[in-house]
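Visitor: The task is simple: from the sequences and hints, build the whole structure.
Protein sequences, first through last, are from chains A and B.
Each residue of the first sequence is one higher than the last, beginning at 1 in this note's numbering.
Each residue of the second sequence is one higher than the last, beginning at 1 in this note's numbering.
One or more of the hints may lead you astray.
[Said to hold, decoys possible] Here are the simulated lysine to aspartate or glutamate pairs, EDC-like style, with alpha carbons at most 20 Å apart:
1) A:K120 - B:E74
2) B:K73 - B:E138
3) B:K73 - B:E141
4) B:K73 - A:D126
5) B:K73 - A:D313
Keep in mind the hints are simulated off the structure, nothing from the lab.
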Amino acid sequence: MISLLLATKGRAGPEMQIYLPIAEMSVNIVLVLGLGGVIGLLSGLFGVGGGFLMTPLLIFIGIPPGVAVGTQAVQIVASSVSGVLAHMHRGNVDFRMGAVLTAGGVLGSMLGVLLFSILKQTGHIDLTISLGYVIFLSAVGGFMLMESLPAALGRKRVALASALRGPGQHTWMHGLPLKMRFRRSRLYVSALVPAAIGFLVGVLVALMGVGGGFLIVPAMIYLLGMPTQVVIGTSLLQITFVAAVTGLLQASVNHTVDVVLALLLLVIAVVGAQLGARLAGKIKGERLRLMLAVMVLLVALRLALGLVLTPSDVFSVGESVAP
Amino acid sequence: MIRVFRHAILLLACAAPAKAQDVPLVADLSSHLVAITTGFTGTDVLLFGATDGPGDIAVVVRGPTTDAVVRRKERFGPIWINGTAVTLRDVPSYYRVASSRPLNDFVPQLLLSRFQIGLENIRMTTAGENSSPELGNEFREALVALKLDDGLYDQGLGAINLMSNRLFRTELHFPAHVPTGTYLVEVYLFRHGQVASAEIVPLVISKVGIGADIYDFAHDLAPLYGLMAVLLATAAGWAASAAFRRI
Numbered sequence: 001m002i003s004l005l006l007a008t009k010g011r012a013g014p015e016m017q018i019y020l021p022i023a024e025m026s027v028n029i030v031l032v033l034g035l036g037g038v039i040g041l042l043s044g045l046f047g048v049g050g051g052f053l054m055t056p057l058l059i060f061i062g063i064p065p066g067v068a069v070g071t072q073a074v075q076i077v078a079s080s081v082s083g084v085l086a087h088m089h090r091g092n093v094d095f096r097m098g099a100v101l102t103a104g105g106v107l108g109s110m111l112g113v114l115l116f117s118i119l120k121q122t123g124h125i126d127l128t129i130s131l132g133y134v135i136f137l138s139a140v141g142g143f144m145l146m147e148s149l150p151a152a153l154g155r156k157r158v159a160l161a162s163a164l165r166g167p168g169q170h171t172w173m174h175g176l177p178l179k180m181r182f183r184r185s186r187l188y189v190s191a192l193v194p195a196a197i198g199f200l201v202g203v204l205v206a207l208m209g210v211g212g213g214f215l216i217v218p219a220m221i222y223l224l225g226m227p228t229q230v231v232i233g234t235s236l237l238q239i240t241f242v243a244a245v246t247g248l249l250q251a252s253v254n255h256t257v258d259v260v261l262a263l264l265l266l267v268i269a270v271v272g273a274q275l276g277a278r279l280a281g282k283i284k285g286e287r288l289r290l291m292l293a294v295m296v297l298l299v300a301l302r303l304a305l306g307l308v309l310t311p312s313d314v315f316s317v318g319e320s321v322a323p
Numbered sequence: 001m002i003r004v005f006r007h008a009i010l011l012l013a014c015a016a017p018a019k020a021q022d023v024p025l026v027a028d029l030s031s032h033l034v035a036i037t038t039g040f041t042g043t044d045v046l047l048f049g050a051t052d053g054p055g056d057i058a059v060v061v062r063g064p065t066t067d068a069v070v071r072r073k074e075r076f077g078p079i080w081i082n083g084t085a086v087t088l089r090d091v092p093s094y095y096r097v098a099s100s101r102p103l104n105d106f107v108p109q110l111l112l113s114r115f116q117i118g119l120e121n122i123r124m125t126t127a128g129e130n131s132s133p134e135l136g137n138e139f140r141e142a143l144v145a146l147k148l149d150d151g152l153y154d155q156g157l158g159a160i161n162l163m164s165n166r167l168f169r170t171e172l173h174f175p176a177h178v179p180t181g182t183y184l185v186e187v188y189l190f191r192h193g194q195v196a197s198a199e200i201v202p203l204v205i206s207k208v209g210i211g212a213d214i215y216d217f218a219h220d221l222a223p224l225y226g227l228m229a230v231l232l233a234t235a236a237g238w239a240a241s242a243a244f245r246r247i
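Guide: This is the structure in structure tokens:
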């Protein structure tokens, strides 16, 4: 798929191009719409945010990494709003927990945007984004592969959840101060733990343009011990707010939100996600999940090669930031 | 709109009436404004002119100058990271030279450096702590090579056609990602190793239409732009879920 993307780059006629005002470049409109549609379909099919695939693919087609990440933050708002609304209708959102997560997330996002700005000035932002993706995509892809391989081969899945989570278990977490009662989640824990999880996700959204669902959902289930049915809705609530704040900060501080690119992507991605969600019920999931895992690992490999192989040109040029 | 007016005034000021019979050289462009619109994929501008007799023509197009940081990737363990960086000042964002013959055949080196004609004669100064002359030269050459690859610099020797030693024309290409600003097109007429005549024609490259408005909005009112983008995304997400719930 990636090689296919690279092959289509720059081949279509000039009438298929659209000028992105913030990225300051022309892109093939069909390529961008195709990318958005496919990622949207995948995200609907598997219930994943899709940001972790979209950002590297945007970088592959030549969008500056900074613009890809900043625009993706806005994109995440659009895709998670519809999700959080659906979960609110079913009462599956713990607002108190969501508020604590968001508070941590906003702080994390501020730090992330600041880091982003510093790294941009010192010329290390592209490396940081690529390196971050190599680590996270390898972890996510590897985990999905381990999870889906036995199932795809017809074996029983390992009951990871029950192994890790024991009800009423007392750990180091319960010794922390600032305890809060979360009724909807039936928890009485220190607010510091969800705030710290939110903080980490905030940094990730700002630096990498991912929603962080793959991090926050397991953390809420296994670390906090939240009931599974409120986890998705609550995490979506947090992601919506944190991504909104990140988008605002990226636009204000780094000028890296391209609204034309965001609109192109979100319109098609939202449609793709809805179709994907419909398809999800009809398609055998395990083999597809395996394919997604392989795809994620391939993207990670492609990014890793870019870091390790001798570059074709060791020089690069950037605008000077000093006035 | 204001931008367009400002440019119009500038153009009027520069296009002082030239009497063709008095001057040995006249030159003009097919267009004095390159508008970057939403569908912009690069453009060609025709430069044309006439001389009052035989001679050689050299044309230099310069974009607005900026400072540029050139970075060199260095191996750090298994990966390549940006290491040494050199800041170069007075870097033309766009530079194109075209001539009727190879420059050294009809212009002495002294004049080439004085008028900064030719890629190797662009004067850039190094700034910052890493400014040893050898390093500066190496990075300067790297910058020129990168800009050549990028299509923002070009050297077309022999790209100008002279017809019956009087009329000349050449196409100037501006790629899709051409930087905006006021460009200067310098036309030189050389005779016997001397500048017989020269003319400077301004060219404005500007974003117009919705793309320009978005760019200005994003940079002048950044927080408001961010808020709009987020609200737009929220509305789109909400509208999509509402629309699909009904189907």
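Visitor: Please list, smallest to largest, the hint numbers that this structure does not respect.
Guide: No hint contradicted; all consistent.
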